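Spelled out, the chains give:
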Amino acid sequence: MSRPSNFPPPFSTAGYVTEPTDPADERIEVGVLVVGAGPAGLACAIRLGQLFEEHPDVAERLGDVPVALLEKGKQPGSHLLSGAVVDPRALRRLFGDRLRMDELPSFGPVPAESVYVLTRSAALPIPPPPPMRNHGNWIFSLSQLGRFLAERAEEAGAMILPETAAQKLLVSHGRVVGVRTGDKGRSREGGELGNFEAGSDIVAKVTVLAEGTQGHLTGVALDRFALHGEDPQVWELGVKEVWKVAKPLDRVIHTMGWPLRTGKRYREFGGSFIYPMGKNMVTIGLVVGLDYRDASLSVHDLLQELKTHPKIRRILAGGERVAWGAKTIPSGGFHSLPSRLHAPGLLLCGDGAGMVNIPRLKGVHYAIESGRLAAEAAFRALQRGETPASALSSYDDAVRDSYIWEDLYEVRNMRQVFGRGFFVGGALASAMTMSKGRVELGKMRAEPDADQPLLVTDRDAGYPAPDGQLTFDKLSSVFASGNKTRDDQPNHIRIERRVPREVAQLWAHMCPAQVYEVGAEEGDGTVLVDVAPSNCVQCGAITAKGGRLTPPEGGSGPEYTLT
Amino acid sequence: MSTLVFLEHHGNELQQGALGVLGKAASLGDGEVGAVIAGEGARALAAEAGTFGAAKVWACEDAEVAQPLPQPRVDVLAQVVEEGGYDTVLFANSVLAADVAAGLAARLDAGLNWDLTDVALRGGDLVGKRPALQDSVYAEVGWTSTPRLALFRAGSFDATAAAGGGQPEIADISASYREHSTAVQLEGQDAEESSGPSIEDADIIVAGGRGLGSSDNFTLAEELAKALGGAVGATRAVVDAGWYPYSAQIGQTGKTVSPKLYVALGVSGAIQHKVGMQSSGTIVAINKDANAPIFEFSDLGVVGDLHEIVPKLTELVRQRRG
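Sequence order for the protein chains is A and B.
Under this note's numbering, the first residue of the first sequence is numbered 1, with each subsequent residue one higher.
Under this note's numbering, the first residue of the second sequence is numbered 1, with each subsequent residue one higher.
Errors might be hidden in some of the hints.
Below are the PhoX-like pairs computed for lysine-lysine, each with C-alpha atoms no more than 20 angstroms apart in a straight line [stated by the list, open to error]: (1) 484(A) to 255(B); (2) 311(A) to 247(A); (3) 484(A) to 184(A); (4) 311(A) to 264(A); (5) 312(B) to 484(A); (6) 288(B) to 255(B).
No lab work stands behind these hints: they were computed from the structure.
These figures come from a predicted structure and were not determined experimentally.
Using the sequences plus the hints, can you model the full thing?
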């Protein structure tokens, strides 16, 4: 059977590395340039603001804009989505005495929790396994938290540039010197429309890539500076909805099992989360590892199916869907971390670097902590006025000394063991967690998600027909994400368009936003894939499964507010 | 309240959307309504503005406003607002009007409510209606200071002659222009070739979707539109597929239309399309898929093969129209 990786996209990261091209007097000069207004980038900007307040002399040397932050979404938070039951320790550390937890835009601490193994009609409660215990964690909308942190970052002196895509990495004499932003106002064919605006070179002393999952320039930098980890990165795809509900939910719920299949050959690793957002809202999401093999698997439609389970239908009864979104989660863990988190002039943070604890389904606190540590490393280098290649290496040391490293080491083989099938994998995973990682299972080989050979089943026949009340079609979901991307812009998705039918089917089913459709037969057993790029919510699944997502025009994509 | 409406014109035609806003302003019945026409031939159009409810028309034919550029119009409007003592300025959305409205808001340090679909007087206060959350709810918006500026969504109001409309008072005005206002020159203007009315102004639209099957089959939609005297629209899917130009795209990321009659051929009715045409008068859908969402919001639904039905329909319309 075909593997998606046999049909690579017309794409090379080398095309996204350039020397500065704008004349020297037209470049925008900043001190520290942070790419991505997510928890990592915003924490970095906030911490830099704190340090500059204590040491105004360092800030002064950096010119008019000591800290700038680029965000490709309409505003900070527009592209943030998470099942955000957040471990609060990183936020506490970042703000210290400056802010109390109850001043954050949170839905409060986790009240209680339950874990169920689902079958089609039943739900068997099990005691929460250690990694799923959420006592002491706080419930957020990550999009709301992002908007809040962006206000704090601006108060701390950062200049935030929304609707600005970081398109190319500026490298001069082997050193990252900033980024080039994307053009705006190009037509589908690439021509200049009436509102055309060329991108700019933004040059910086230190560039911090905090782009989140599937970070575009992070991928470019990993290639350019040979920073790839021991194992390739792998991902999961999460799709979630926010519901207004008639009666409050009193607990955080996780489910395992149905509608995923447990057979080893399917490689379906994942589960759902359901939690309250205050008294009248509930979030429900389903996460599935992208190493799955069945070309007819659709996480979007499995989530629709999950909602028809009697247990879950009861929670949503009388309610209304108010938001929808999708995003990938890096899940390779410890062995997939980059070999180094810095390069000359460059630091890598958060999800972009793969800092996610998959059995706990948590990474927001690592993002915030790594952003804070990146700020301190950048500050130390700037304070000494150092520019040697090693100036930022203290960031790697700081991350290795932090709980990020300790936690990820503890669960280092978690994802790989699930390739042995759900029950064997589940038992091994529990053993690993309960022993705090002391059980040595031997490192298992991890394959890229796109290397999994495909199989085709008829499971798509079982997805529920959308009724517009409980279950929805993909285009309605895209609408609920707030996505109203300009249609007549260049296609930002790179795929091989002529592929075997099963690869086309894989992409069509996989994409939660209906970007891909199986098109015309080409006569030699292949089909042409039709692409509707403006549906794209930039979840990144295509990059995991054999294509490549690049940033579209700034301001495109979803406009999340509640996710 | 003293209201001023910006009337945009191209050639010797006032824009329907702007006349609709003028009619709405006059129907509020609170004080006289003025209108501004700026550009070549402004004076000759003043009488027409009167029939839509303008009591006074400010006509500016300065060389600076000969080209359809926003900034000189900001100067004209700012001057008229001052001379005429207006406390409310209304615009119908267009590429030009949106720029002028934004520029005027900055010049006068005034509040601009945009994307409104309606406005009403309540206890002496002006209250705007604005769709929010992807048009799923309406928000009521107001102003905390004067002058109050408002930009209305295209197609919000029908352009109908106002009761009691008549010959307006005409004031010729010449504005003083700021240096930066005249710094931009228009290099050229291209008009897209089109036959028949534009879809924003058409009373009848025949829209084609993917159910047509191929770009060649758009002739079915074109023939029917021609017979009905209407314009042709398209869904995003077919524009994406290159079957029809983007200028005809109706929906969330295309144009918003509200014709009296909307005929949808092979249009599934995804919500992205619906929000661009849901305020149409009568919606007729022909689709072979009985489960297509469009049947949930059409007034007349025909489940069947459009390739058989549409040619016959076109023929019948032609016969009736003789």
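Hints, one by one, checked against the model:
| no. | hint | verdict |
| --- | --- | --- |
| 1 | 484(A) to 255(B) | 13 angstroms, holds |
| 2 | 311(A) to 247(A) | 14 angstroms, holds |
| 3 | 484(A) to 184(A) | 16 angstroms, holds |
| 4 | 311(A) to 264(A) | 27 angstroms, violated |
| 5 | 312(B) to 484(A) | 37 angstroms, violated |
| 6 | 288(B) to 255(B) | 26 angstroms, violated |
Violated hints, listed in ascending order, are 4, 5 and 6; each of the other numbered hints is respected by the structure.
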